[in-house]
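Top to bottom, those sequences are chains H and L. Going by this note's numbering, 330 is the number at position 330 of the first sequence; the sequence numbering is gapless. Going by this note's numbering, 248 is the number at position 248 of the second sequence; the sequence numbering is gapless.
Just so you know, the hints here were simulated from the structure itself, not pulled from any lab data. Here the structure is a predicted model, which means the values were calculated and not measured. Hints may contain errors.
[What the hints assert, rightly or not] Have a look at the derived ranges for each label pair, beta carbon to beta carbon:
hint, chain 1, residue 1, chain 2, residue 2, range
1, L, Glu32, H, Val348, 47 to 57 Å
2, L, Arg230, H, Ala290, 28 to 38 Å
3, L, Glu257, H, Gly283, 31 to 41 Å
[As the list claims (entries may be wrong)] Okay, derived cross-link-like pairs now, EDC-like style, lysine to aspartate or glutamate, Cα gap no bigger than 16 Å in a straight line:
hint, chain 1, residue 1, chain 2, residue 2
4, H, Lys109, H, Glu25
5, L, Lys196, H, Glu7
6, L, Lys196, H, Glu10
7, H, Lys191, H, Glu166
8, L, Lys190, H, Glu58
9, L, Lys190, H, Asp14
10, L, Lys190, H, Glu8
11, L, Lys198, H, Glu8
12, L, Lys190, H, Asp65
13, H, Lys191, H, Asp218
14, L, Lys196, H, Glu8
15, H, Lys109, H, Glu8
16, H, Lys43, H, Glu120
17, L, Lys190, H, Glu10
18, H, Lys140, H, Asp218
19, L, Lys190, H, Asp218
Using N, Cα and C, we set each Cβ at its ideal position, and we do this for glycine too.
Residues per chain are reported as follows:
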Amino acid sequence: MDFRLSEEQEAFLDSVRAFAREHVEPGVLERDRAGTWDWDVWKQVAGFGLTGLPVPQEYGGSGADVLTTGLAMEGLAYGGRDAGLNLSLGAHLTIGAMPIALHGNEEQKQRWLPKLAAGETVGAFAITEPDAGSDTASMKTRAELHGDTYVLNGTKTFITNGSLAEVVTVIARTDPEAPAGQAFTAFLVEKGTPGFEVSKELKKLGNRTSPTVELSLDDVEVHTSQILGDVGSALWKIGFECFDWERTVMIASAVGSMQRDLEESVRYAKEREAFGKPIGRFGAIQHKIAQMRLRLEIARLLQRQAAWMKDEGIEHSTEAAMAKAYIGEAGVESALDAIQLHGGWGYVDEFHVERSLRDAKLAGIGGGTTEIQEMIIARTLLG
Amino acid sequence: MKVVVPVKRTPDTAGEKVIDADSLTVDREAGESVLCPVNEFSIEEAVRLKEKHGAEVTVLVVGPEEAQPTVRKALSYGLDAGLQITDEAIAGSDALGTARVIAAALEATEFDLVVFGGQSTDARTSLVPAAVAELLGLPSLTYTRYLEVDGETITVHREHEEGWDVVTASLPAVVSVVEAINEPRYPSFKGIMAAKSKPLETKSLADLGVSADEVGAGAASATMYEFAPRPPKEAGTVIEDDGSGAAAAQLADWLVEKKFV
Ligand SMILES: Cc1cc2nc3c(=O)[nH]c(=O)nc-3n(C[C@H](O)[C@H](O)[C@H](O)COP(=O)(O)OP(=O)(O)OC[C@H]3O[C@@H](n4cnc5c(N)ncnc54)[C@H](O)[C@@H]3O)c2cc1C
Chain H
1 MDFRLSEEQE AFLDSVRAFA REHVEPGVLE RDRAGTWDWD VWKQVAGFGL TGLPVPQEYG
61 GSGADVLTTG LAMEGLAYGG RDAGLNLSLG AHLTIGAMPI ALHGNEEQKQ RWLPKLAAGE
121 TVGAFAITEP DAGSDTASMK TRAELHGDTY VLNGTKTFIT NGSLAEVVTV IARTDPEAPA
181 GQAFTAFLVE KGTPGFEVSK ELKKLGNRTS PTVELSLDDV EVHTSQILGD VGSALWKIGF
241 ECFDWERTVM IASAVGSMQR DLEESVRYAK EREAFGKPIG RFGAIQHKIA QMRLRLEIAR
301 LLQRQAAWMK DEGIEHSTEA AMAKAYIGEA GVESALDAIQ LHGGWGYVDE FHVERSLRDA
361 KLAGIGGGTT EIQEMIIART LLG
Chain L
1 MKVVVPVKRT PDTAGEKVID ADSLTVDREA GESVLCPVNE FSIEEAVRLK EKHGAEVTVL
61 VVGPEEAQPT VRKALSYGLD AGLQITDEAI AGSDALGTAR VIAAALEATE FDLVVFGGQS
121 TDARTSLVPA AVAELLGLPS LTYTRYLEVD GETITVHREH EEGWDVVTAS LPAVVSVVEA
181 INEPRYPSFK GIMAAKSKPL ETKSLADLGV SADEVGAGAA SATMYEFAPR PPKEAGTVIE
241 DDGSGAAAAQ LADWLVEKKF V
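Only chain H is shown next, with the shape it has when bound in the complex:
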């Protein structure tokens, strides 16, 4: 058994970390305070090749595997400390570009993938509704067929990048009677289509540099050629696959920030003195550092295991659920420790760790809550 990354993966992780320190970290405090999306930072990320990382090479991407895509998320979070950027990039790649790469027909792939891979537009995926989150099958957005056109009506919410995307993959019910596995269809809905609007920009606890919006669909006409994949099978085939990407790849962002916060905490514990010695000499501080390290290692092993299994084509829904459930909680615990260890400086934003706490909370909610992950884990044991 070999836990090491390949030489190329190591080199890439180093490169992403260094890139992010130079091009992403500067100004992150101000961007978080203002809660703004920054196209300039996005363009840097695109220029470095991250916006097309797992997209096949023939469509302008780099054809990276799942594990490597996770490494990019980890390195970017570590070096850049901009969780919102990670969220937007993660959504762009895993639920924006990849569903098109995996389920699009040739024309759809030619049309959208080169643009997405180059970062000229940002990908988005809309399944959640104001009244349907964990219980995805209770979605109410309807798509009715009239000739060769579907007419979509409904509201989608919490949509990452929804205000940036030129095309949003929208899941809607095409059959009012059928069971969930045959009732839902994915549509590539283009920005500017009459009736398709950003109806609300949502303000959030953390990840503030990533736009999260509500989208309303009011008699939106979508041609049948804009169907992604097959009619009826979108929830199982596309929706759950997106959740799987989120649980194997996007959570690597949390691993990167846990590592960075640990390193910053160690440095602080060595420099900050109280009662005539560095605080790192106190057992209570050592306990926090040790726990942070422990959580980091477990988080990383779980995430990389799940990503590796996905690459190998091994069934991994329980492993992905364990990674997500663990990281969602551990990230928050470690951010709390980092704040506590920094004392008052941890509570103000200049030392970055209070932001980590606000950012970390999302991993237990988006892409399937911790409770849902626990349900998946328990189900495999209890049946």
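With the hints as your guide, set chain L with the ligand onto chain H.
Positioned in the frame of chain H, the structure of chain L with the ligand alone reads:
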């Protein structure tokens, strides 16, 4: 256009350098070795020549077998091929000895332009580029902060204390660049993966027709007599601002005194 970028493997600048007390040379095994940071600028310039003129770029390394990761690292920025000169006899060469090896390697290669870094972070002599140009009888354009190639001509801005001179030369030529020349990019995933399959050639001194006694410690024309650790940093000058504006004048005086302005 064919471009050669000679690069060096140097001890990591983040670590402490260790001098071997017997040979009085840098102990290269003591710490981690990396692609010399100044080469990031010469490589970036070569990549730009590739993007602009379709230049074919070869990276050249003089060094032991362990320097191979340095070649791969250089290739990961998007260069086309690697050439490594490896020979036990090269160990302990001074700047002139190294220049002889590089010049011989270049003579056996087709090229229009050689782009060096400015000053390696270990020895800091800045001698090699000019020595190579001299040995090959080619124009030497050092301290380059801007370069442009037009057909058979290269124009550079050559930096000095008061600004820069515009210097023109015909190709082939040898340039060395300063850090102000560009902002290097980081190797992308595509670049890193592509580097694995780029051709990498290794040559010995015999392949280049260089005799072992022209290089190495024995042939060195510089002799190292002693070394001492860097003295600790002295306390800086603190100018306190009392709100009266006197601090600004003091700061200006200090800048003038130190010849910064
Ligand atoms: C910042 C952000 C970005 C997002 N981006 C996107 C996006 O791009 N696209 C998209 O479609 N969605 C997105 N989401 C939505 C996200 O996936 C949902 O918020 C998530 O799935 C939870 O759904 P909900 O908010 O409706 O919570 P609910 O499902 O209403 O859950 C409420 C609470 O009940 C618990 N609960 C629910 N069912 C059970 C059960 N069976 N057993 C035990 N407990 C249960 C939950 O765990 C939770 O604690 C985003 C959300 C956020 C916050």
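Verification of the hints:
1. Glu32/L / Val348/H: 47 to 57 Å: violated, 37 Å
2. Arg230/L / Ala290/H: 28 to 38 Å: With Cβ atoms ~36 Å apart, the hint holds.
3. Glu257/L / Gly283/H: 31 to 41 Å: Violated, since Glu257/L and Gly283/H (Cβ atoms, about 51 Å apart) do not stay within the stated range.
4. Lys109/H / Glu25/H: It is violated: about 33 Å lies between the C-alpha atoms, which goes past 16 Å.
5. Lys196/L / Glu7/H: holds, 10 Å
6. Lys196/L / Glu10/H: Distance ~14 Å between Lys196/L and Glu10/H Cα, so the pair holds.
7. Lys191/H / Glu166/H: Within the cut-off at roughly 5 Å; holds.
8. Lys190/L / Glu58/H: With a Cα-Cα distance of about 13 Å, the restraint between Lys190/L and Glu58/H holds, given a limit of 16 Å.
9. Lys190/L / Asp14/H: Measuring from Cα to Cα gives roughly 14 Å; hence the hint holds.
10. Lys190/L / Glu8/H: This hinted pair holds, its Cα atoms lying about 10 Å apart.
11. Lys198/L / Glu8/H: holds, 14 Å
12. Lys190/L / Asp65/H: holds, 12 Å
13. Lys191/H / Asp218/H: Holds: Lys191/H and Asp218/H sit about 13 Å apart, inside 16 Å.
14. Lys196/L / Glu8/H: Answer holds: Lys196/L to Glu8/H is near 9 Å, not above 16 Å.
15. Lys109/H / Glu8/H: Distance of about 28 Å is beyond 16 Å: violated.
16. Lys43/H / Glu120/H: holds, 8 Å
17. Lys190/L / Glu10/H: holds, 14 Å
18. Lys140/H / Asp218/H: Given that 16 Å is the threshold and the Cα spacing comes to 13 Å, the pair holds.
19. Lys190/L / Asp218/H: Since the Cα atoms of Lys190/L and Asp218/H sit roughly 42 Å apart, the hinted pair is violated (cutoff 16 Å).
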